[in-house]
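The lines below spell out each chain.
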Amino acid sequence: MNAPGVWFMLVRTVSNGIRAILLVFVMSVLIVLAARGEREDAVEMWIFSPEHHALYQAHIDRHDLGSADPPLRVSILSIEGIQSRVLGGVYGGLESADLIEVERAISGPLFLAPEGSVGLRNLRPILEREGLLERFNAPSLSPWARGDRLYGIPHDVHPVLLAYRADIVEAHGIDLSGATTWERFFELMRPVMRDEDADGTPDRYPLAFWYTQKHNLELLLLQGDGRLFDEDGRPTLDEAPNPELLARIVSWCLGPDRVVVDIDEFSASGHMSRIRGDAVAYLCPDWMCSIWRSNTPQLGGKLRLMPLPAFEEGGRRTSVRGGTMLCFPEGSDRFDEAWSYAKELYTSPELARELYRTADIITPVTSLWDDPVYDEPDPFFMGQAKGRMYIDMAPRVPKRASSPYYDRAVEAVRDAATNLAGWARGSGTRDRDALAERASVLLARAQRRIEREMERRVIADTGGAP
Amino acid sequence: MFLAPFLILFTLFVLYPAIQSVPLAFEQTYGPGERVRVGTRNFAYLVEDPLFWRAVRNTAAYTLGTLVLQLPLAFALALALNARRLRGRAVYRLIFFSPQLMGIVFASILSGLVFEKRSGLVNRALAGVTGNHDLLAIAWLQEHVMATLVIISIWLYAGFNMVYFLAALQSVDPELLEASEIDGAGPVARLRHVVIPSIRPVATVVVVLAMLGSLQLFELPYVLLDGGGGPNNQGLTVVMYLYQSGFRFGDLGYASAIGWALAIPLIVLGLIQMKQLAPERVGS
Chain A
1 MNAPGVWFML
11 VRTVSNGIRA
21 ILLVFVMSVL
31 IVLAARGERE
41 DAVEMWIFSP
51 EHHALYQAHI
61 DRHDLGSADP
71 PLRVSILSIE
81 GIQSRVLGGV
91 YGGLESADLI
101 EVERAISGPL
111 FLAPEGSVGL
121 RNLRPILERE
131 GLLERFNAPS
141 LSPWARGDRL
151 YGIPHDVHPV
161 LLAYRADIVE
171 AHGIDLSGAT
181 TWERFFELMR
191 PVMRDEDADG
201 TPDRYPLAFW
211 YTQKHNLELL
221 LLQGDGRLFD
231 EDGRPTLDEA
241 PNPELLARIV
251 SWCLGPDRVV
261 VDIDEFSASG
271 HMSRIRGDAV
281 AYLCPDWMCS
291 IWRSNTPQLG
301 GKLRLMPLPA
311 FEEGGRRTSV
321 RGGTMLCFPE
331 GSDRFDEAWS
341 YAKELYTSPE
351 LARELYRTAD
361 IITPVTSLWD
371 DPVYDEPDPF
381 FMGQAKGRMY
391 IDMAPRVPKR
401 ASSPYYDRAV
411 EAVRDAATNL
421 AGWARGSGTR
431 DRDALAERAS
441 VLLARAQRRI
451 EREMERRVIA
461 DTGGAP
Chain B
1 MFLAPFLILF
11 TLFVLYPAIQ
21 SVPLAFEQTY
31 GPGERVRVGT
41 RNFAYLVEDP
51 LFWRAVRNTA
61 AYTLGTLVLQ
71 LPLAFALALA
81 LNARRLRGRA
91 VYRLIFFSPQ
101 LMGIVFASIL
111 SGLVFEKRSG
121 LVNRALAGVT
131 GNHDLLAIAW
141 LQEHVMATLV
151 IISIWLYAGF
161 NMVYFLAALQ
171 SVDPELLEAS
181 EIDGAGPVAR
191 LRHVVIPSIR
201 PVATVVVVLA
211 MLGSLQLFEL
221 PYVLLDGGGG
231 PNNQGLTVVM
241 YLYQSGFRFG
251 DLGYASAIGW
261 ALAIPLIVLG
271 LIQMKQLAPE
281 RVGS
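For the record, the sequence lines run as chains A and B. For the first sequence, our numbering begins at 1 and goes up steadily by one. For the second sequence, our numbering begins at 1 and goes up steadily by one.
These are calculated hints, taken from the structure and not from any lab test. In this text, all values refer to a predicted model and were calculated from it rather than measured experimentally. We put the beta carbon where it would ideally sit given N, CA and C, even for glycine. Please note that the accuracy of each hint is not assured.
Claimed, not checked - Covered stretches of chain A, going by a simulated chain B footprint (3 or more residues, C-beta under 8 Å):
id	segment
1	13-21
2	194-207
3	270-280
4	407-416
The shape of chain A in the complex, shown without the other chains:
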């Protein structure tokens, strides 16, 4: 009996319920096939940032790239949506875009892939061939490099400065020009911690930070030259100076003399705290400036920026937080066109200028740093040439490992910090050496956890950190 005959017999013998399901199935298949249509012969780009989309779309419209051959089409997806679809493309060969901007959080799952299965093109050969590699800020390449392979080009640098309420600082007669170390900074900021309303707690705290803020904890560890992985990708959580750094950072949060306060960075209540001045200073990567500008316009003209106080005199005065890269799925058959568009979008002086003006983000392309836009006074930050300040720090941002276990290591360090704080509170310990010793034990446990996870994987190419 032929297939239609079998189908007819099947439909005749089943119940109405089954017939209804079969009918829905057939109709759904037909609808999906009809709706698919032919894929437009365009270079497809996925991004997650509405600000980037506005910039790119304006550039596409200005230069008529939407009518070029092939045209460039930019679509916004959520960060989670991009992650799912990129991983879907890597895991299951599902259709993907030709170029994709991904946030740093996705690199972990991607780089867990076995050798040769990362699913993204190695860009190092083409970057070297076209002389583009040296145009990028070297530390900004580190999160996307695995051994001698480079899987993406960085969209940004994200150096970190300290933003502080100049109105509050000046009202207390404080001069922060001598705040070259964290200890000196907290010492100078003591006057803001008066309890003028007599409610038993300081009116303000010098710095907004808490040991449970994993990204800020990572930022400070990196600033102090802490490392989570070595060049071979081996975890180094419990190696110097991590325990000492962790002890110092957690000690800021302990006891009645604590100098930091927990303020949420992105919520309405956090914005209200900033407006009230519950903390005077904030760890401020470049992208945070536009968030403050849009969410707390009341702070315009009250904020100033300065380099981060160092952990030791002469130490690093910046750090890094976050990052986006542009990557090219291997399954794309339009790499040449996509690469051409990528170069246009990522090395365009016009776009770099607009990126800074609209999102306060510094381009990683060093040859564009001479643009006078970065010297423009920013009235939100009391007329400071904010761009130039961030660019001055850009070459000094710490490198970050590209290990697929990096995020887990950061979480493990945060857990160690949480445990350290709990132990310190329970035992009443404030001595820095005792805290460092305990931190060493906790970090060793955290490291062992990461090592066991790495040992368990038989399928991964753990590669090496750059």
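Take the given structure of chain A and dock chain B to it, following the hints.
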């Protein structure tokens, strides 16, 4: 034939994946395409995995909180709403049930705001009522994660379970109650010897469902803690760890092993509980 639609869907989306997950639990994967057989390695690692046992402890604590706090409260509310002279029963029922109507994701987001450290409603209320400003610093979502989850679940589900208890209470034979009253039984005695035995079948179902639901906790902490387990993984549950292993890190094999490590005790616990709480057979 009437069962066929259910059977087909059940087979396709429940039975077949469950059967497939058995060999998968003995493999290590990177997505569905890359697979390596590793024997019992996943289970051996599971036994020594501190994160897994942290998740088990958290899930057990949450389940205990549900059974010990939420269900008695739901029953108490049902008793209160079953009072003969109570007016506006339907309104109260709606009030207590309404958290269920908003959906768990929205409830989680709302809870995140309510339990915020200095500006959240809970801390502000506590500080306002007591005059103690130190209470503003209670870090619910950083240091008391599990307690916060239990409190939120009480708010979310007590009303839901109350509806079941209330329906059961309202089906208790009034003649039995009257007879016991005539015989001199007080309120407590009536509750113990008439009401509870009468509602036992419904109570069994509610307890078992609450326990199984608690052991599979995922959405509430996932949304509340931004997809992670929170500081020190205080909010990490077994299902959340399963999700992270399978879909964040691509190791579907290990996720399957976690799934079976959860499923087998769940099945056993459910069966034991059904047997313990089932009504006694006449003449047995």
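Against the structure, the hints:
{"no.": "1", "hint": "13-21", "in the structure": "holds (count 6)"}
{"no.": "2", "hint": "194-207", "in the structure": "holds (count 3)"}
{"no.": "3", "hint": "270-280", "in the structure": "holds (count 3)"}
{"no.": "4", "hint": "407-416", "in the structure": "holds (count 3)"}
In this structure, none of the earlier numbered hints is contradicted; all agree with it.
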